[in-house]
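**Student:** Residue numbers (the numbering used here), protein chains in the order written: chain A, 4 to 389; chain B, 2 to 194; chain C, 50 to 597.
Just so you know, not all the hints are guaranteed correct.
[What the hints assert, rightly or not] Quick list of in silico lysine to aspartate or glutamate cross-link-like pairs, EDC-like style, CA-CA up to 20 Å: (1) B:Lys53 x B:Glu97; (2) A:Lys185 x A:Glu278; (3) B:Lys69 x A:Glu150; (4) B:Lys89 x A:Asp149.
[Unchecked claim] Facing chain B, a subset of chain C residues (Cβ under 8 Å, in silico): (5) Val142; (6) Ala239; (7) Ile539.
These aren't lab readings, by the way, just hints derived from the structure by calculation.
The C-beta atom is built at its ideal place from N, Cα and C for all residues, glycine as well.
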Amino acid sequence: MKKQNTFIVVAAVTAAVIAAFWLLLAAPAFTGNEINMTRGVTSQSMINYQLHMIILWICVVIGIIVFSAMFISIVLHRKSKGHEAAQFTHSTKAEIIWTIIPVLILVAMAVPATTALVNMEVAPETDMTIKITGFQWRWKYQYMEDEIEFISSLHPDSNAARRLMSGTEPDTIENYLLEVDKPLVLPARTKIKFLITADDVIHSWWVPALGWKRDAVPGFINEAWTEIMEPGVYRGQCAELCGKDHGFMPIVLNVLPEDEYRAWARQQRQRMAHEEAEVDRLWSRAELMELGENVYAAQCATCHQADGRGLAPAFPALAGSKIANGPLNDNIALVLHGREGTAMQAWGTRLSETDIAAALTYMRNAFGNETGDVVQPQTIARIKNG
Amino acid sequence: MNEGQAKRDQSHGKLVTRLVLLAIGMFGFGFAMWPLYNVFCDLTGLGGRGVKVIENATVPEKSDRQVKIRFDATVNSGLPWIFQAKEKSMVVSLGEMSEALYLAMNPNDQAMAGQAIYNVTPPEASLYFVKTECFCFTEQVLQGNESREMPVYYFIQPDLPENIKEITLSYTFYRDENFDPLALTAGSASSSD
Amino acid sequence: MSIESTHSHEDHTHAADHDDHHDHKPSSLLDRWLFTTNHKDIGTLYLVFSLLMFFIGGSMAMVIRAELFMPGLQLVEPDFFNQMTTMHALIMVFGAVMPAWVGFANWMIPMMIGAPDMALPRMNNWSFWILPFAFAMLLSTLFMDSGGPAAGWTLYPPLSLQSGQNFAFVVFAVHMMGISSIMGSINVIATILNMRAPGMTLLKMPLFVWTWLITAFLLIAVMPVLAGAVTMLLTDHFFGTSFFNAAGGGDPVMFQHIFWFFGHPEVYIMILPAFGVVSEIIPTFARKPLFGYSAMVYATASIAFLSFIVWAHHMFTVGMPLTGELFFMYATMLIAVPTGVKVFNWVSTMWRGSMTFETPMLFAIGFVVLFTIGGLSGLMLAIAAVDLQYHDTYFVVAHFHYVLVPGAVFALMAGAYYWLPKWTGRMYSEKWGKIHFWLSAISVNILFFPQHYLGLAGMPRRIPDYSTQFADFNMISSVGGFIFGASQLIFVGVIVHCVYKSRQTATGRVWEGAKGLEWILSSPPPYHSFNTPPVIDSTTMAHADESH
Numbered sequence: 004m005k006k007q008n009t010f011i012v013v014a015a016v017t018a019a020v021i022a023a024f025w026l027l028l029a030a031p032a033f034t035g036n037e038i039n040m041t042r043g044v045t046s047q048s049m050i051n052y053q054l055h056m057i058i059l060w061i062c063v064v065i066g067i068i069v070f071s072a073m074f075i076s077i078v079l080h081r082k083s084k085g086h087e088a089a090q091f092t093h094s095t096k097a098e099i100i101w102t103i104i105p106v107l108i109l110v111a112m113a114v115p116a117t118t119a120l121v122n123m124e125v126a127p128e129t130d131m132t133i134k135i136t137g138f139q140w141r142w143k144y145q146y147m148e149d150e151i152e153f154i155s156s157l158h159p160d161s162n163a164a165r166r167l168m169s170g171t172e173p174d175t176i177e178n179y180l181l182e183v184d185k186p187l188v189l190p191a192r193t194k195i196k197f198l199i200t201a202d203d204v205i206h207s208w209w210v211p212a213l214g215w216k217r218d219a220v221p222g223f224i225n226e227a228w229t230e231i232m233e234p235g236v237y238r239g240q241c242a243e244l245c246g247k248d249h250g251f252m253p254i255v256l257n258v259l260p261e262d263e264y265r266a267w268a269r270q271q272r273q274r275m276a277h278e279e280a281e282v283d284r285l286w287s288r289a290e291l292m293e294l295g296e297n298v299y300a301a302q303c304a305t306c307h308q309a310d311g312r313g314l315a316p317a318f319p320a321l322a323g324s325k326i327a328n329g330p331l332n333d334n335i336a337l338v339l340h341g342r343e344g345t346a347m348q349a350w351g352t353r354l355s356e357t358d359i360a361a362a363l364t365y366m367r368n369a370f371g372n373e374t375g376d377v378v379q380p381q382t383i384a385r386i387k388n389g
Numbered sequence: 002m003n004e005g006q007a008k009r010d011q012s013h014g015k016l017v018t019r020l021v022l023l024a025i026g027m028f029g030f031g032f033a034m035w036p037l038y039n040v041f042c043d044l045t046g047l048g049g050r051g052v053k054v055i056e057n058a059t060v061p062e063k064s065d066r067q068v069k070i071r072f073d074a075t076v077n078s079g080l081p082w083i084f085q086a087k088e089k090s091m092v093v094s095l096g097e098m099s100e101a102l103y104l105a106m107n108p109n110d111q112a113m114a115g116q117a118i119y120n121v122t123p124p125e126a127s128l129y130f131v132k133t134e135c136f137c138f139t140e141q142v143l144q145g146n147e148s149r150e151m152p153v154y155y156f157i158q159p160d161l162p163e164n165i166k167e168i169t170l171s172y173t174f175y176r177d178e179n180f181d182p183l184a185l186t187a188g189s190a191s192s193s194d
Numbered sequence: 050m051s052i053e054s055t056h057s058h059e060d061h062t063h064a065a066d067h068d069d070h071h072d073h074k075p076s077s078l079l080d081r082w083l084f085t086t087n088h089k090d091i092g093t094l095y096l097v098f099s100l101l102m103f104f105i106g107g108s109m110a111m112v113i114r115a116e117l118f119m120p121g122l123q124l125v126e127p128d129f130f131n132q133m134t135t136m137h138a139l140i141m142v143f144g145a146v147m148p149a150w151v152g153f154a155n156w157m158i159p160m161m162i163g164a165p166d167m168a169l170p171r172m173n174n175w176s177f178w179i180l181p182f183a184f185a186m187l188l189s190t191l192f193m194d195s196g197g198p199a200a201g202w203t204l205y206p207p208l209s210l211q212s213g214q215n216f217a218f219v220v221f222a223v224h225m226m227g228i229s230s231i232m233g234s235i236n237v238i239a240t241i242l243n244m245r246a247p248g249m250t251l252l253k254m255p256l257f258v259w260t261w262l263i264t265a266f267l268l269i270a271v272m273p274v275l276a277g278a279v280t281m282l283l284t285d286h287f288f289g290t291s292f293f294n295a296a297g298g299g300d301p302v303m304f305q306h307i308f309w310f311f312g313h314p315e316v317y318i319m320i321l322p323a324f325g326v327v328s329e330i331i332p333t334f335a336r337k338p339l340f341g342y343s344a345m346v347y348a349t350a351s352i353a354f355l356s357f358i359v360w361a362h363h364m365f366t367v368g369m370p371l372t373g374e375l376f377f378m379y380a381t382m383l384i385a386v387p388t389g390v391k392v393f394n395w396v397s398t399m400w401r402g403s404m405t406f407e408t409p410m411l412f413a414i415g416f417v418v419l420f421t422i423g424g425l426s427g428l429m430l431a432i433a434a435v436d437l438q439y440h441d442t443y444f445v446v447a448h449f450h451y452v453l454v455p456g457a458v459f460a461l462m463a464g465a466y467y468w469l470p471k472w473t474g475r476m477y478s479e480k481w482g483k484i485h486f487w488l489s490a491i492s493v494n495i496l497f498f499p500q501h502y503l504g505l506a507g508m509p510r511r512i513p514d515y516s517t518q519f520a521d522f523n524m525i526s527s528v529g530g531f532i533f534g535a536s537q538l539i540f541v542g543v544i545v546h547c548v549y550k551s552r553q554t555a556t557g558r559v560w561e562g563a564k565g566l567e568w569i570l571s572s573p574p575p576y577h578s579f580n581t582p583p584v585i586d587s588t589t590m591a592h593a594d595e596s597h
């Protein structure tokens, strides 16, 4: 008798724990931690949230019915209570009923599911186009109409803290792993088309607040669209395994009211024009070293490490390396064109001439390397453009 | 008993042969999925490569409906070229023969070869996209510092589904790894002799 | 009629060392295990091997959960983390769950259909002994310079093509596993179709036999497709072909189509035999015939059929034409119908029974409840639009672990406890079995349930480190993981105790409500199960009275 009660208590506690887990999900929001799908800030994300909640509740109700029947049976129909086993083997009527009812439920679910999918996939006419290219392990954004383009990488603070045994507590970093050096700036209440592709392996561009993710497949363009209702900052991550730093290529959207966005875009174009002018002037060694340290931290340290010692065997050290201490032209060629069959990418198409010049100046004069070279942006521009 | 055993062995033999053939057939099917997939893509537009390339295609009658076409150009980082669409987008009438111009430039000193592949989004739209000429899937050699215009002549069939409002045509240039610039110079030198 | 045979065990040195009949039991250890053609010995080899793999794969899971215990990287580099997730999956899928089911098939199918042994005993030996070599090769990659495979068990190109020399080993290991599974399946089909005792018609077969028959056909249909896919990867990697290389006119997404054409039936390969085992256990402990036997058979067959036309629901985010997405969404939702029939039938079998709750029954009930939770989250994932949020997050991780751990693995545990007394002739410790169950059942929920929240809140899968907002539930999940991992040591203890130490002998029938041919044999059964075919009558069979 005692044994039986213990059993029921343990079983009931387990059932209650599982039920509590489910009910937590059904609760609108849980303090401290987000535990449910975001409602987001687009029509797609809101439809998806509602659809998710509808299906979740249907599942919870089905679960409750099935598990209650089971639990009642477990409590009542036990041998220890002297319950005699009935010997029925089937009931055509019952079986037809519980085939038809699920079919009806599924049909009821399929209706909103179809509408949501059509809304998601059938794009309206859009006002601007952003091309997104995934690289191992950063995103490149191109504003097709505004001719703005830049690369967005994990923020240097997070990038330093995320090293194995870095000694930096993640909670001391704001938005740890979800912060970038340059966010994608977008206007609110504008229909935007995204063209998504990748350069090396498959990535997946995902900002939960937009309500969808889309794979970035090398050699193919995928498209998606959005219209963001609320200005704000929205964060996401790469969602398809893309190699060792898959967990370290976040996405940050900075959504501005339309007029502020236009001001930002104007400023960006001016800055890019300014950068072109910058290429033509002569830079001091100190300027190049300062900029170079930042460029190195953001772009190169992922593989070659902040201390320039690399990560054997895939990522060679720069400290004391033959290339970083060897002929300058060879070093420039390697950085511009990359090295096939290795993780060393062709930076010529990704970074500005100024950034490349600065990074080269830095790596040839840091980590104990003492070439004394000062690489001018114009030199890079000349080599790059033949 | 022995007879039964023999009978059983025989029926094992038959069954096993069939099952082994099934397994081998499915192995072949795995490979057959490659051509099958391409056929499937052509039929459904899956992958956005259902575009037909027909030389001297008869252009259907021009319709009043217009659609916006974006032209995207991508260069893989393995190929240090500059590749752009001259016009980023165009509004065309369905059934109207149009021309899109891409521009490729090799800023390096030595000759290089690239090969372009294309796709169309939304993928369904590729079924209504007809090109009369295309530079994709063939090796394109650019001499050092050469630039070249690469035109695409196309039209959209008037029966394009109503829900497609915008189409994107995208080309991606990859480096042709097998290309040897020395062989080319040697070859052209000998041919000019 | 049952044969209630009780054995003394004074000279038991090994579980299956009994030789009550005049069989030629091999004497040396080498002959006994390396050259064995006996279905029980091969079954034991499979089961021991899969248990070993379960612990190897499990320790990798412990590394994963330990690294994810807190934000920040404390233990392993990201690349090694990726090797762990990849190897954990490959080993659990191909090394633990699948061989374990083949082990059950070997032990039970001849006994359940009244046959002396498997149809092709020598091939049976081969199909087992390939496996240790395949997995030695796979595991050896961890010690290579390039490390083990790190592109995920799905091996998606182009990422998988970036691997170093390990790749050839991985592909070859997959080939060998495939050959092993195909040989095993051919054997199962030949045994079931040709070796049944007279009177054992197809619709009298126990459900475990039915589910395995269907599983074996699935295996033969899809393992070669996987072999083809990885061969294409191999030639792309080493011989310059361009099947999946966009630069050469190939398409990386095509690999995903081929992989999931294999991958989705593969999911059912792991779960259908579980349905079978649970359908054996629940009637026994409810002392009541299985409800709706023929519906169960048809439901299994429809699930197997549907599994071939739903593969692209793993790929809703790759960009497909709308009509394609709709088709795969509807087809996937349809699977809920036969699966629902199964769950309802199990509950109806319990309804108005006379239940007792020995360890196998506890695991079977745990299976029904927790597998249903995994099935319901699967239904949510089928909704293509919302899947664009769920896809590749911890919600998916939670979903497939619910169907595989408290699903397939619980069913394996249930089956092991259920038949262990039959195999060894002795009873296991019921007390420790129950402790094992309750610890597992509670910790598995602590382990996997919070992962639903993590996924919904936006945590992608396959990442070694995460933003601080995900910290709490990851810690809870890890704690659950450690308890679950440790609890499985109890399982080993119970088995070792049962085989070597237990003093309580088992009767032939073992369980009061047990029906089916395996229970009319002694415990442990004779070396060759049925030398003379048994007489099939309605009292011995669990489903014999189902003719209508």
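**Student:** Would you settle whether the hint for Ala239 (chain C) is holds or violated, based on the nearest Cβ-Cβ distance to chain B being less than 8 Å?
**Tutor:** holds, 5 Å
**Student:** When you check the alpha-carbon spacing of Lys53 (chain B) and Glu97 (chain B), does it fall within 20 Å?
**Tutor:** With a Cα-Cα distance of about 16 Å, the restraint between Lys53 (chain B) and Glu97 (chain B) holds, given a limit of 20 Å.
**Student:** Between Lys69 (chain B) and Glu150 (chain A), is the straight-line Cα distance small enough, at 20 Å or below?
**Tutor:** holds, 19 Å
**Student:** Given the proposed pairing of Lys185 (chain A) with Glu278 (chain A), does the C-alpha separation stay at or below 20 Å?
**Tutor:** OK: Lys185 (chain A) and Glu278 (chain A) at ~16 Å, within 20 Å.
**Student:** Against the 20 Å threshold, does the CA-CA distance of Lys89 (chain B) and Asp149 (chain A) hold or violate the hint?
**Tutor:** holds, 11 Å
**Student:** With a cut-off of 8 Å, does the beta carbon of Ile539 (chain C) approach a beta carbon of chain B closely enough for the hint to hold?
**Tutor:** violated, 40 Å
**Student:** Using the nearest Cβ pair, does Val142 (chain C) come within less than 8 Å of chain B?
**Tutor:** violated, 18 Å
Hint violations for this structure: numbers 5, 7, all remaining hints satisfied.
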